[in-house]
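Could you put together the complete structure from these sequences and hints?
Add 7 to the 1-based position in the sequence shown for the numbering used here, that's all there is to it.
It should be emphasised that the hints constitute simulated quantities derived from the structure, not laboratory data.
The reader is advised that the hints may include incorrect statements.
[Said to hold, decoys possible] Estimated spans, in silico, between C-beta atoms of each pair:
1) Phe40 - Gln9: 44 to 50 Å
2) Asp38 - Gln9: 41 to 47 Å
3) Phe20 - Phe40: 27 to 33 Å
4) Gln42 - Phe20: 31 to 37 Å
5) Gln42 - Tyr21: 46 to 52 Å
6) Glu15 - Leu43: 41 to 47 Å
7) Asn12 - Arg41: 41 to 47 Å
8) Leu43 - Val23: 27 to 33 Å
9) Gln42 - Ile22: 27 to 33 Å
10) Lys39 - Val19: 27 to 33 Å
Note that beta-carbon positions come from the ideal geometry of N, C-alpha and C, so glycine has one too.
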Amino acid sequence: MQAVNKCETAVVFYIVDFIYFFRLTLFWTNDKFRQLL
8 MQAVNKCETA VVFYIVDFIY FFRLTLFWTN DKFRQLL
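Put into C-alpha cells, the structure is as follows:
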C-alpha cells in the first residue's frame, strides 16, 4: 500500500511539474513573440 501511495504521489508531482513547465514555456514564448511584433 505504501509503495502504491508513493507512486501516486510521484505521478501527481510529475503532472504538476509538467503543467508548471508548460505554462512557463508558454509565457516565455508569448513574451518573445510580443517583442517580435
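Looking back at the numbered hints, which does the structure fail to meet, lowest number first? Going through the list in order, the structure violates hint 5 alone and respects the others.
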